[in-house]
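Protein sequences appear in the order of chains A and B.
Each residue of the first sequence is one higher than the last, beginning at 17 in the numbering used here.
Each residue of the second sequence is one higher than the last, beginning at 666 in the numbering used here.
Warning: the hint list may mix true and false statements.
[Claimed, not checked] Selected chain A positions facing chain B (in silico; Cβ < 10 angstroms):
id	residue
1	L43
2	P47
3	L163
4	N225
5	A268
6	L306
For the record, the hints were derived by calculation from the structure and aren't laboratory data.
Computed from a predicted model, the values in this text were never measured in an experiment.
Idealized CB from N, CA, C, for every residue including glycine.
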Amino acid sequence: MFRSIVKRLLTVVPTLLLASIVTFGLLKLIPGDPATVIAGDNATPARLAEIRGQLHLDESLPQQYGRWASHAIRGDLGTSLYSTTKIATTIQARLPATLQITLGALLLSVLIGIPLGFIAGWRSDSAIDKAARTISTVGIGIPNFWLGMLLVTVFALKLHWLPAVGFHGITGGLGQTAKYVVLPAIALGAASIAETTRQTRSAVLEVRNKDFVRTLRAIGLPNRTIFKHVAKNIAVPVFTVVGLQASRLLGATVIVEAVFGINGIGSLVVDSVSRRDYPMVQGVVLVMALLILFVNLVVDITYRIVDPRIR
Amino acid sequence: MTSSPLTSDAPLAEGSPLVVNEAPSRRQTPNRRRAAAVGSWLRSDRRAQFGVGFLVLVLLAAFAAKLFAQNPLTQDLNHILDGPSGKHWLGTDDLGRDVFSRLLGGSLVSLRASCIAVGVALLIGVPLGLLAGFRGGITDEIVMRCADTLLAFPGLVLAVGVVAMLGPGLTNAMVAVGIVFAPSLARLMRAQVLSVKEHLYVEAAVTFGSSTGQIVKRHIIPNAVQPVIVQTSLLFALSLLAEAGLSFIGLGVQPPDPSWGSMLGRAYRFMQTAPLQMIAPGLIVMITALAFNAIGDSLRDELDPIRRRRRRFSRTDASVVP
Numbered sequence: 017m018f019r020s021i022v023k024r025l026l027t028v029v030p031t032l033l034l035a036s037i038v039t040f041g042l043l044k045l046i047p048g049d050p051a052t053v054i055a056g057d058n059a060t061p062a063r064l065a066e067i068r069g070q071l072h073l074d075e076s077l078p079q080q081y082g083r084w085a086s087h088a089i090r091g092d093l094g095t096s097l098y099s100t101t102k103i104a105t106t107i108q109a110r111l112p113a114t115l116q117i118t119l120g121a122l123l124l125s126v127l128i129g130i131p132l133g134f135i136a137g138w139r140s141d142s143a144i145d146k147a148a149r150t151i152s153t154v155g156i157g158i159p160n161f162w163l164g165m166l167l168v169t170v171f172a173l174k175l176h177w178l179p180a181v182g183f184h185g186i187t188g189g190l191g192q193t194a195k196y197v198v199l200p201a202i203a204l205g206a207a208s209i210a211e212t213t214r215q216t217r218s219a220v221l222e223v224r225n226k227d228f229v230r231t232l233r234a235i236g237l238p239n240r241t242i243f244k245h246v247a248k249n250i251a252v253p254v255f256t257v258v259g260l261q262a263s264r265l266l267g268a269t270v271i272v273e274a275v276f277g278i279n280g281i282g283s284l285v286v287d288s289v290s291r292r293d294y295p296m297v298q299g300v301v302l303v304m305a306l307l308i309l310f311v312n313l314v315v316d317i318t319y320r321i322v323d324p325r326i327r
Numbered sequence: 666m667t668s669s670p671l672t673s674d675a676p677l678a679e680g681s682p683l684v685v686n687e688a689p690s691r692r693q694t695p696n697r698r699r700a701a702a703v704g705s706w707l708r709s710d711r712r713a714q715f716g717v718g719f720l721v722l723v724l725l726a727a728f729a730a731k732l733f734a735q736n737p738l739t740q741d742l743n744h745i746l747d748g749p750s751g752k753h754w755l756g757t758d759d760l761g762r763d764v765f766s767r768l769l770g771g772s773l774v775s776l777r778a779s780c781i782a783v784g785v786a787l788l789i790g791v792p793l794g795l796l797a798g799f800r801g802g803i804t805d806e807i808v809m810r811c812a813d814t815l816l817a818f819p820g821l822v823l824a825v826g827v828v829a830m831l832g833p834g835l836t837n838a839m840v841a842v843g844i845v846f847a848p849s850l851a852r853l854m855r856a857q858v859l860s861v862k863e864h865l866y867v868e869a870a871v872t873f874g875s876s877t878g879q880i881v882k883r884h885i886i887p888n889a890v891q892p893v894i895v896q897t898s899l900l901f902a903l904s905l906l907a908e909a910g911l912s913f914i915g916l917g918v919q920p921p922d923p924s925w926g927s928m929l930g931r932a933y934r935f936m937q938t939a940p941l942q943m944i945a946p947g948l949i950v951m952i953t954a955l956a957f958n959a960i961g962d963s964l965r966d967e968l969d970p971i972r973r974r975r976r977r978f979s980r981t982d983a984s985v986v987p
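The following block holds chain A by itself, in its conformation from the complex:
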């Protein structure tokens, strides 16, 4: 087990390297002279020189990458071109909001998706199964921002049950936070809930028809015991699906945060695009990729601990 964990940890190195190259390369996609693009058409030569110096544009590409990467490793992602604050500081300030709605959505997909999928698979073709299948079909197809708009219209603008936009840090008390998190989490998580339900259902269906389950039934074990065996056997595939949702959810915050006016890193990257704050965009992309690589790593290592068959 330890060997396989170490082996998995070692694969992080090339992936990290490639991911950093991709992120670094983003800035090189800017057509023409980046300094001119960033400063605008009417920039003074002094401003152009300043931007060139700030981005180290006169160095060779490997030199630029080396400088950028060595700073990034130390947590220094450079300075915003828009507000002259440190990029890392801004991201740090914005990250909690994004993490809260992402975790909220993840929690919903676990708390709703797994039990619903389990019952649906356990009693396939029952009314619950049909309901679950409808929910998961619609959930995968519904645009998350549209769902967000519908939720805001109904629950905030018409019924006034919940706030329409904005965000509340966890320091202001859990109840207050929950009020602001619940609608974004539903909008963000709908697709994940659907996916989790669907995959749990098919995992249960598959295990339920296996020979060992038939044997357990044949020797007359109570349903509760059989349930335990099935649950253990679907753990790995279900866990995989939930792990994959992290990436989908983080990506979707880019759009959902815009609907709910949440100042997270998703809306940060969108705002930075219109401000032509390229280093900030680069910084957020890198942070998101790192978060996902980390989640994938945790998922993979947990597997290896839970299921010794995986090498």
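Model the placement of chain B on the given structure of chain A, informed by the hints.
For chain B alone, coordinates are given in the frame of chain A:
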């Protein structure tokens, strides 16, 4: 696109005892047999009927609209944010433009955008997956490591990053989305090729002295491509949603061109005063995505020989019983 995979089931169907009573069909040309297979798929599956039917309807309506409907850019400034009326079937938007014609005009924009993303994903993902699976070794290692890396970027975020650098615009955005989708296709194709490669008929072809190109073309691709086709129709749905999302935040299609996502973006600004504006574009995005998904699910069953045979069995049984 739907017809090519079905050629590969021809040898399979001929080998199965169930097809004996369809003997006349053997004399048909491959094209006719393909058409017959598509026909029987469409007749037998409701999901396919819904999916294909809805998409054909949207396309027909979009082309008809180009000829007959009002210009989606014409402003009727006496009617701003109006509800449905005889003149404007679905009302007007904040600039007095007819929502119904914009919806139809937007359908071409949105569907073309999905085609770009899916096309890019196929062009990159399938050949690389084929190469990695067939060659193995260091090629496999490099391709798969790159795929893993790209998968670490949340799709929309990388797309937003690329759009940030290249400038807003639908084509840039959708090419980026396509690149993000490519690794999943590459992985799928590779896994399929790996398993097909081990089959006896491939070995037989090697013994016969077929060239590598022949083996790949005649044996590997037709037998490996089916899950890719299923995945493609699911990717269409995802691309559609991605286009809507990117246009919603203003990074996709640029005004005044209509797309479903940009219509929702405008509707968002008037959510308080005109909440009904968001209904039509949202619904059509959702139903189109559902249509693509329905086609994908139905194709998954149709292309899976075991499930299909099971269904044919039950169908034959039903016809015998009455």
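We went through each hint and held it up to the structure:
1. Interface hint at A:L43: satisfied, since its Cβ lies 7 angstroms from the closest Cβ of chain B, which is below the 10 angstroms cut-off.
2. For A:P47, the suggested interface contact is upheld, since its CB lies about 7 angstroms from the closest CB of chain B, less than 10 angstroms.
3. Proximity of A:L163 to chain B holds as hinted, the smallest CB-CB distance being about 8 angstroms (cut-off 10 angstroms).
4. Because the smallest distance between the Cβ of A:N225 and any Cβ of chain B comes to about 13 angstroms, over 10 angstroms, the interface hint for this residue is violated.
5. At about 7 angstroms, the closest approach between the beta carbon of A:A268 and any beta carbon in chain B falls short of 10 angstroms, and the interface hint on this residue holds.
6. Below 10 angstroms, beta-carbon pairs count as interface contacts, and A:L306 has one with chain B at about 8 angstroms; its hint therefore holds.
Checked against the numbered hints given earlier, this structure breaks only hint 4.
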